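Based on the sequences and whatever the hints tell you, model everything.
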Amino acid sequence: MQKLLKTEWLKLKHYNAFIVLSSFFALGVFTTNYIVFTVNKNIVGKINTAGLVSSFNPYDFTKTWQTTSYATGWLLILPALLLIILVTNEFTYRTNRQNIIDGWSRQEFISVKIALAVITALATTLLVIITALVFGLFSGTSFSLNGFSHVGFFLLKALSYNLLAVLISVWIRRTGFAIGLYFIYLGAENIISQLLDVGSLKLRAYNNIDL
Amino acid sequence: MEILTVENLSKNYGNVKALKGVSFSVPAGTVFGILGPNGSGKTTLLGIVMDVLKASGGGYKLFGETPTNDHRKQMGTLLETPNFYHYLSAVQNLKIAAAIKGRGLDDIERVLEVVNLSNRKNSKFSTYSLGMKQRLAIGAALLGNPDVLVFDEPTNGLDPVGIAEIRELIKKLSQQGKTIIMASHLLDEVEKVCTHVAILKLGTLITHGDVNEILVNEDMVEVSSPDLQQLKNVLQQMSGTTKVDIADKVVRVFFPAGTSDLGAINQFCFNNGIVISHLQLKKKSLESKFFELTN
Chain V
5 MQKLLKTEWL
15 KLKHYNAFIV
25 LSSFFALGVF
35 TTNYIVFTVN
45 KNIVGKINTA
55 GLVSSFNPYD
65 FTKTWQTTSY
75 ATGWLLILPA
85 LLLIILVTNE
95 FTYRTNRQNI
105 IDGWSRQEFI
115 SVKIALAVIT
125 ALATTLLVII
135 TALVFGLFSG
145 TSFSLNGFSH
155 VGFFLLKALS
165 YNLLAVLISV
175 WIRRTGFAIG
185 LYFIYLGAEN
195 IISQLLDVGS
205 LKLRAYNNID
215 L
Chain F
101 MEILTVENLS
111 KNYGNVKALK
121 GVSFSVPAGT
131 VFGILGPNGS
141 GKTTLLGIVM
151 DVLKASGGGY
161 KLFGETPTND
171 HRKQMGTLLE
181 TPNFYHYLSA
191 VQNLKIAAAI
201 KGRGLDDIER
211 VLEVVNLSNR
221 KNSKFSTYSL
231 GMKQRLAIGA
241 ALLGNPDVLV
251 FDEPTNGLDP
261 VGIAEIRELI
271 KKLSQQGKTI
281 IMASHLLDEV
291 EKVCTHVAIL
301 KLGTLITHGD
311 VNEILVNEDM
321 VEVSSPDLQQ
331 LKNVLQQMSG
341 TTKVDIADKV
351 VRVFFPAGTS
361 DLGAINQFCF
371 NNGIVISHLQ
381 LKKKSLESKF
391 FELTN
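Going down the list, the protein sequences come from chains V and F. Heads up: the first sequence begins at 5 in our numbering, then just goes up one per residue. Heads up: the second sequence begins at 101 in our numbering, then just goes up one per residue.
By construction, these hints were calculated from the structure, which means they are not laboratory data. Keep in mind that a hint or two might mislead.
[As the list claims (entries may be wrong)] Quick list of the computed label-pair ranges, beta carbon to beta carbon: (1) F/Asn312 to V/Ile123: 51 to 61 Å; (2) F/Ser229 to V/Leu16: 23 to 33 Å; (3) V/Phe152 to F/Asp206: 15 to 25 Å.
Remember, it's a predicted structure, so these values are computed and weren't measured experimentally. All C-beta atoms, glycine included, are put in the ideal place defined by N, C-alpha and C.
Following this line, the structure appears as structure tokens:
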């Protein structure tokens, strides 16, 4: 697998779309969380009514894991989109055929794409942990791992977004249709899960934010 | 040892039967041509052998064993069109190919020299002309100096200089003892380069064997006289002929290409007491030979 991943890296490291999308995502993570932080500081923090604690900071250490996971969860579309582009490109340019002709088996080809999805999910989770830590430290409260389970939920969400992207790409094999179907699926699942009120883990976990 | 053995291979695309029970084997060290018109199943056959397509029936063996991925890593292949990453340069693309094959990483410079792409090796693949793309594909097949090469229409898109270069390359590789399997519809190229040939037509194998036996290019002279059998007996004594037979109310005399002399035939028959009523040179062109074989 390591050899396969090294070969994938050779394909990725000079690919502009990969570099740009990854950088945007990383930037977006920090920016989004910063926006949430600032909004809360400037607006919520200044409200001082009798029933509310005056310094309501969603980034203090008991809540930073949950807040960061929730906020960044909205951005998970980006890595998924990147994965769709990468996988459907292989089919569009028929380089999947070339890889098999050169000696990969079909299983190796698919498993390296799945591995890519998993690694991307892990990387985004790592990014979330770092961001949450940074914002938590900035908020001045003492370090605690309370609520770290929300990071676990985030990892699950990232994994499911990414693996769904790979599945749809391998099934549809055309970039446009794959992206379209992916968005339709996300929207449909959103609607259906709210109708059913059963709540997939992806959505319900973050409704704890409105305590 | 047989490099490739094809056993009763069939392939259907829905209702279209692309291959119908094809069987032959490729001996080691030969330049084996797979010849046939468009749509005869050449690319389908090679696609099955390279595990890009799944056969509908029958099987094949590589190096005498059930085929595995490692076998493909030992072979250099060019199938149909060159498929590379458009945003990468030649060197980067070849690095990926070498990484997948597990060999040839140190071979990239040499291979680019051989196919004359050294001066464009760092340009992106999307900037290449068709001929350059084809040459890069041939180069990728040569990575790591494999002992078996499979080329599907290698001269596709090349100018005459390029075609001649590929011909010389294949000859040189063959002299080094490599086995080359080449699919083509260019009868001329196959005749010049191949040692063995298999001819496909609409998915059926018509014939296979030594190229000198199958693609004989010869002169044919039609001679007629009232007594055909006597004419045949007389002509069989004439020197320079390869074969004399009777067909369609004429005696056909075959000579090696370009050596027939109508005046000499006339003189010979007259000297032996036969008066000829019909004498005509029907030279077999390569084209008509091709049509004859595939129609």
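Hints, one by one, checked against the model:
The hinted window of 51 to 61 Å between F/Asn312 and V/Ile123 holds, with their beta carbons roughly 57 Å apart. Between F/Ser229 and V/Leu16 the CB atoms are about 27 Å apart, so this pair conforms to the stated range of 23 to 33 Å. Distance hint check: the CB atoms of V/Phe152 and F/Asp206 are about 48 Å apart, inconsistent with the given range 15 to 25 Å.
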